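Order-wise, the sequence lines are chains W and Z.
Going by the working numbering, the first residue of the first sequence is number 1, and it counts up by one from there.
Going by the working numbering, the first residue of the second sequence is number 1, and it counts up by one from there.
Derived from the structure by calculation, the hints contain no laboratory data.
The model shown is predicted, which means the values in this text are computed figures rather than measured ones.
Positions of the beta carbon are idealized from the N, C-alpha and C atoms, including for glycine.
Incorrect hints may have been included.
Pairwise CB distance ranges, derived in the manner of DEER restraints [unchecked claim]:
{"id": "1", "chain 1": "Z", "residue 1": "GLY210", "chain 2": "W", "residue 2": "PHE81", "range": "30 to 40 Å"}
{"id": "2", "chain 1": "W", "residue 1": "THR10", "chain 2": "Z", "residue 2": "GLU38", "range": "29 to 39 Å"}
{"id": "3", "chain 1": "W", "residue 1": "LYS87", "chain 2": "Z", "residue 2": "GLU168", "range": "31 to 41 Å"}
{"id": "4", "chain 1": "Z", "residue 1": "LYS74", "chain 2": "W", "residue 2": "GLY79", "range": "33 to 43 Å"}
{"id": "5", "chain 1": "W", "residue 1": "ASN103", "chain 2": "Z", "residue 2": "GLU218", "range": "42 to 52 Å"}
{"id": "6", "chain 1": "W", "residue 1": "TRP121", "chain 2": "Z", "residue 2": "GLU38", "range": "45 to 55 Å"}
{"id": "7", "chain 1": "W", "residue 1": "THR117", "chain 2": "Z", "residue 2": "ALA217", "range": "29 to 39 Å"}
{"id": "8", "chain 1": "Z", "residue 1": "GLY157", "chain 2": "W", "residue 2": "GLN98", "range": "44 to 54 Å"}
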Amino acid sequence: METRVVGSLTFTIDFSIPLYEQIVEQIRHAVARGEIKLGTKLPSVREMAQKLKINPSTVVRAYLELEHEGLCEKRRGQGTFITTSEKKVKDLKFKLAQEAITNFIQTMRLLGIDQKTAQQWLKEAEWK
Amino acid sequence: MNPIVSCQQVTYRYGKKLAINQLTASFPQGQAIGLLGENGAGKSTLLKLITGIMQPNAGQIKVFGETPNWQTLKRISYLGDRAQWYKFHRIQEAIQFAQQLCPNFQLSRAEHYLEFLKLNPQDFVESLSKGQMMRLQLLLCLSRDVDLYILDEPFSGIDLISREKIIELLIELLAERTATFIISTHEIYETEGLFEYVFLLKNGKIVKKGKTDQLRAELGSIQNVYREVFR
Chain W
1 METRVVGSLT FTIDFSIPLY EQIVEQIRHA VARGEIKLGT KLPSVREMAQ KLKINPSTVV
61 RAYLELEHEG LCEKRRGQGT FITTSEKKVK DLKFKLAQEA ITNFIQTMRL LGIDQKTAQQ
121 WLKEAEWK
Chain Z
1 MNPIVSCQQV TYRYGKKLAI NQLTASFPQG QAIGLLGENG AGKSTLLKLI TGIMQPNAGQ
61 IKVFGETPNW QTLKRISYLG DRAQWYKFHR IQEAIQFAQQ LCPNFQLSRA EHYLEFLKLN
121 PQDFVESLSK GQMMRLQLLL CLSRDVDLYI LDEPFSGIDL ISREKIIELL IELLAERTAT
181 FIISTHEIYE TEGLFEYVFL LKNGKIVKKG KTDQLRAELG SIQNVYREVF R
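Bound-form chain W, shown alone (with noise of 0.2 Å):
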């Protein structure tokens, strides 16, 4: 794994898992965590291509992907931009929130322990 830094971005690419789908996980992270303000413009394919070492192709299919979920727009000539929409990052949040916690759920259920004790730790647990 290698960590690269493209502007105010900073990706870790793993070669095991595909690329393009990293590149649009890391964006989506980065946009629910507020690490990328909104109507903020992506780095160009170009460059990004250049920082990561890797296919332009790939950029653009990740690029497209974002697009296709309403969280990039493409301007005309000045490129992609991050979605100024509050709604879809809230969306976004959402279903990221979602998925830890079915990560979460299958976790414990690996374990064998119950809903109601699962909830019971939960509520005790610190949140910090």
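Fit chain Z to the known structure of chain W by using the hints.
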């Protein structure tokens, strides 16, 4: 989409030694394709057969839908067994010479790449290090405007900075042009992000192939896939 190169049951022998063994493969158009394999796997032979420099003993190769010939060669730029350029030329003169010699050579592009690859046009070819020499070869090869670039081992045996410069130039080219690149290498770690499609060649046969992101999803990194095949 039609493949840019297709091989049907292709066989090539050096005397008794079988270099390419009934190989069948279709190379997709408009992509950066890695041809991976150990030394002696048949990579260089296969690339020479695609250019038409050599003809197969059996089987059929089609490039742009035709059997390789001098017309198809015009649409191919090939970096092969270390083409010889005049040692007494300065880089500047080597570029002018290539412009007269090679179809579709773009002088403006060559000048731009000089800067990109940090080569001094006043340096003599004779005085270049191995890495600088490879940069020059690549510059001459990539300054041609063609449909298919075939690069045989452009990364091997050269210094780190030259390798990085070459990778940067290839990414630049991939960003600005829709051409097909077939690049043979056994140095995968630094280059695996470049390829959209790979073929793994062993004993003159394709033993694994596929879209890189698909192979990653199924089997892990291309480096891993490579290790499993060749270990």
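So which hints don't hold here, by number, going up?
The structure conflicts with hint 5 only, although it agrees with all the remaining ones.
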